[in-house]
Every structure is written in C-alpha cells, then in structure tokens.
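Novice: Could you build all of it, start to finish, from the sequences and the hints given here?
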Amino acid sequence: MSINGAAYIVGAFEHPTRKAEGQSVAQLHAEVAYGALQDAGLSKDDVDGFFCTGAAPGLGPLNQADYMGLTKLRHVDSTDMGGCSYVMHVGHAAQAIKEGRCNIALITLAGRPRAEGMATGTVPRSWAPNIPDDPFEIPMARTVVTSYANVAARHMYEYGTTSEQLAWIKVAASQHAQHNPHAMLPKVVTVEEVVNSPMVADPLHRLDCCVISDGGGALIVARPEIAKSLKRPLVKVLGCAEATKNQAGGQVDLTYSAARQSGAAAFAEAKVTPKDMQYASIYDSFTITVLMQIEDLGFAEKGKGGAFVADGNLISGVGKLPFNTDGGGLCNNHPANRGGMTKVIEAVRQLRGEAHAKVQVPGCKLALANGIGGLLGHRHGSATLIMERE
Amino acid sequence: MATQAANRAIPAPKEDPTTKPFWDAARAGKFLIGRCKDTGKHFWYPRGCSPFTLSNNVELVEAKGTGTIYSFTVMRSKEPHAPAYVELDEGPRIFTNIVDCDLDTVKIGQKVKVVLKATEEGGAPVPMFTPV
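Quick mapping for you: the protein sequence lines, in order, are chains A and B.
The numbering of the first sequence is the numbering used here, which starts it at 1 and goes up by one.
The numbering of the second sequence is the numbering used here, which starts it at 1001 and goes up by one.
By construction, these hints were calculated from the structure, which means they are not laboratory data.
Predicted model, so just to flag it, every value in this text is computed and none were measured.
Each residue gets a CB set at the ideal place from its N, CA and C atoms; glycine is no exception.
A portion of the hints provided could be inaccurate.
Sample of chain A residues with no beta-carbon within 12 Å of chain B, all distances over it, derived [unchecked claim]: (1) L70; (2) K98; (3) H179; (4) V188; (5) G303; (6) K304; (7) E354; (8) L366; (9) R389.
Derived lysine-lysine pairs resembling DSS-like cross-links, with alpha carbons at most 27 Å apart [unchecked claim]: (10) A/K304 / B/K1107; (11) A/K302 / B/K1107; (12) A/K228 / A/K44; (13) A/K302 / A/K271; (14) B/K1030 / B/K1041; (15) A/K44 / A/K72.
Here's a subset of chain A near chain B, in silico, CB distances under 10 Å, partners left out [stated by the list, open to error]: (16) P129; (17) A153; (18) M156.
Specialist: Listed below in structure tokens is the structure:
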C-alpha cells in the first residue's frame, strides 16, 4: 500500500533556542508542538495522533501527551530509531492517516544535552541497560565520533576520498548558516580552516563534527482534505521508507549505509529519481555522514561522493544539489542529538518558499529529507522522505 | 612524530548470563568467538543464538587470534587510543582497539594479533590487537 499522496505536512516549527537553561524537556516539547499547531492553524484538540521517541520524557505517548493535555489521541507511535526517527514518523503518520487511524498527527522532538553538559560524541555511553553489544564495545571506547571516523577511514582507503573533499561539506553548510540568525556557527569557513582544525578522531577534525545543541522541533501531518482546508502552502508526502543496517554477525561492511535501501524504496514510492530533487536535507552529524548518504541515495556513484561535494556543489545558488540551507547540524543546530526533525523542517521551508531569501531554491517543487540514526559504523537506521509542493 | 597508544583504564565489560563462558575463558587467557553449528560460520559478538539462523545451536570456539586491520581511527585525546575493526582470519570483522604500538604507524591491511587487556575493578580482560 503506497502512501504517495495520502498525507500532507501542514505545520512545522523549529525552536529558536540553542541552549535551554530555563526550560525543561517536557516544556520544550510543548513549545514546539504549540508552534507547529499555530503554524498550521490548528489547536491541540485537533490532534488525534501523536508521534515521539525516547527523547520525550517518560513513556512519551503517556507522560509527554499528558503534559501537553492531548486528550483526543487514538493513535500513538514512539518508534525510536535515533536521529532519523522524525523523518520516519512522517511516513508512519501518512500510513496511519491512510488507514483511517488518525486525521492530524503531531510529531515532536526536544532535548537539552547542551544545558546538561553532555559529552555527546566523545565519551563511550550506553543507551540503556541490557544491551547485548555493550560489553564488547564500551570497553573498546565506542563513541559516536570513533564509530563515524572508522567509516571515513575505510572510505578514504577504498576510494581515495580526501579530507579536503569532506571539508567542502562543512564549507557549504557554513555558507548557508551565515544567513541564519539562530545558527550556532554562523561564520563562513574555508576548506583550509576545516582541515587545519584540531583532529578529534582521524580522519575527522573538529569542524567535520556537528554542534551539540538544545531545542527541538515539531511537525503536523494531516489528511488531504484537512490540508486543503488550511491556509498554508501544500507540501505533499510522495514517499517515505526506512531501513536498518547492522553488523550481521560480523559481516561488517563500512562502505555503504542503510540509505541505499531506504532511498531506493522511497524514490520508487514517490515515482521520482534523485535527479529530480531540487533540494536535499541530508543528515549531517559528521561530514562523512553526508558523503555516505549522497552516494547511497544515488546522487553520486559509490566512491565518487568526494568529487561530487567538492567545489561548492552543495551550496545553494552555486552547486547542483543545494543541501541543508539552514546550516544543518554542522553549523545550525542538532537538537537533542537528533537531527532528523530539523532536516524535514528545512525541506518544508524550501517547498513553501519560506527559506531565507539568500538560500531559497527558486521554484522548489521536489525535495528530499534523509536521516541516519544510531552509529553509522556499528548499527544504524536510515529514513528517506520525499515531498512535493502542490 | 610518534603517538604511543595509551595504557588507558578500560571499563570492565558488564557480563551477562549468556556470555559468561566467553568472559570466563578470557580470564583463563583464551580468546573465543561464536560459531554457528547449523552453518559452520563464525560470528561476532558472542551470543546465545546464531545471527545466521537464529537457532541456539551455537558454540564458542577458540580463535587463532590473528587478523588484518579493516579500519581504524586514533582518538586524539589525552590518552590516545585506536578504536578499530579487525578482520579475523576466521572471517568476522570485530570492533576492537589497536594497542601497544605507535599509532601513527598503523595502517589498514596491517596484520595483527590478539592481546587480552586487563580491565578496571577486576573485570574480565577484553580482546584487543597489536601489530604482528
């Protein structure tokens, strides 16, 4: 059963904070939910479907929904696949709407790792008790950055990808971030500045890594009749798919990601191709994360991603594939260490024609958002969402 | 410039009832890996089911302890260390550390052998690798 055309994104809101010293996690969720409902022209009692993850406090569909006074819910989904969950949730919401399980779905993300002083990427940590791989990996200093660095090292070995090529991804993000008043790192950087920034975990430098930020965002997904009764530009869901990739008992292959599967499935459902995309939000926890998705989604051949991203090809108005025009995780924000939400939000802005004038893609009709959740070098998920301005 | 691998304090692995025999063997100086008796294939990490068939027809067998570096990074912290994937001669690629060497000379494709490294608080030792 295809979800092509089954639902529309009618509301989107990104929290302006980057350091939430004065707000609880539950309150941040409430603020983004209210913001997205205001954007859509709806109110909280219109919401009958609620989507969140483990980033929501407690059991999200219970505790967080209770905090927000959501009393009309008849469909909930807290499927958690890390940072890409919110991309996936748009697809899940469209499925639920198509099946008649809800009419108006609210998706929320919020968190405050920065205010809490969390060493997100450089300290080994367990997600929860009883995880079977932890005893074999926590002693090995498995961190977010070392997991992605292993992927980057193998990519360089296999394909001759260079640090300068990876740096172009950060350069493009910084070119966009300079126009975003909320961006944590609004300063334009050069390839030289990236490759000369301190090495964190070879071959990833400090400027190959995303920021740690607080904040969050929310989306409202609604059935077509409702979307057409509202006053916002119409952003139709054309396709959405998810995939996972794990260690397969030790048959580890770091040269590709689950975006290969999620991308192919989403493009098939949307009945469009990578060449049709006028804008792409691509998960950027690290520069290497972007490179892998660009290849695995089909924007470049495997091994040729380095050449593809070089020389400004990701810069809006300059290159062939404008990406992350809000500055992305590399420069703008990465709320709650989960970047999927802001990926969808910036794609929606582009399709509505509401991105910053300096980065708006003229006549943007087709856009993609892709997320990667978990650890790319260990076990991860990918979610691909394709949207059309109607 | 040389970057000697630090002798960092390694957190003790949290043992669980299913993998206790693996850790007991490590304490006795043996490096074991999983083997699926349905397919004959080796697997990592050790567990009570086969990642190839899901049956519990599995065993722990002693590995040769030799392999090749598939990928690695050097964490440039105060205590430099090198999280890596090593391809064992038996086949599985396992997440580990490269230790007891100058980390600036390590290369993908390099031959390595296992070293069981002591962990904090009297925990079981964990399998890491050093250049042959």
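Novice: Grab the minimum beta-carbon distance between A/V188 and chain B and tell me whether it stays above 12 Å.
Specialist: holds, 26 Å
Novice: Measuring Cβ to Cβ, find out whether A/E354 lies farther than 12 Å from everything in chain B.
Specialist: holds, 40 Å
Novice: CA of A/K302 to CA of B/K1107, is that 27 Å or under?
Specialist: holds, 23 Å
Novice: Are A/K44 and A/K72 close enough, with their CA atoms no more than 27 Å apart?
Specialist: holds, 9 Å
Novice: Do the alpha carbons of B/K1030 and B/K1041 lie within 27 Å of each other, as the hint requires?
Specialist: holds, 20 Å
Novice: Does the claim that A/L70 lies outside the interface with chain B hold up, using a Cβ gap greater than 12 Å?
Specialist: It holds; A/L70 is separated from chain B by about 37 Å at its closest Cβ, greater than 12 Å.
Novice: Between the alpha carbons of A/K304 and B/K1107, is the straight-line distance 27 Å or under?
Specialist: holds, 23 Å
Novice: Grab the minimum beta-carbon distance between A/L366 and chain B and tell me whether it stays above 12 Å.
Specialist: Label holds. Min Cβ-Cβ 36 Å, cutoff 12 Å.
Novice: Answer holds if the nearest beta-carbon of chain B is closer than 10 Å to that of A/P129; otherwise answer violated.
Specialist: Nearest chain B Cβ about 9 Å off; hint holds.
Novice: Just want to verify: A/H179 was marked as not at the interface with chain B; is every Cβ pair farther apart than 12 Å?
Specialist: Since the minimum Cβ distance to chain B is about 33 Å, A/H179 lies beyond 12 Å and the statement holds.
Novice: Confirm or reject: A/G303 is not an interface residue toward chain B, with every Cβ-Cβ distance exceeding 12 Å.
Specialist: holds, 16 Å
Novice: Holds or violated: A/K302 and A/K271, Cα atoms, limit 27 Å.
Specialist: holds, 22 Å
Hint check: no violations occur; every hint is consistent with the structure.
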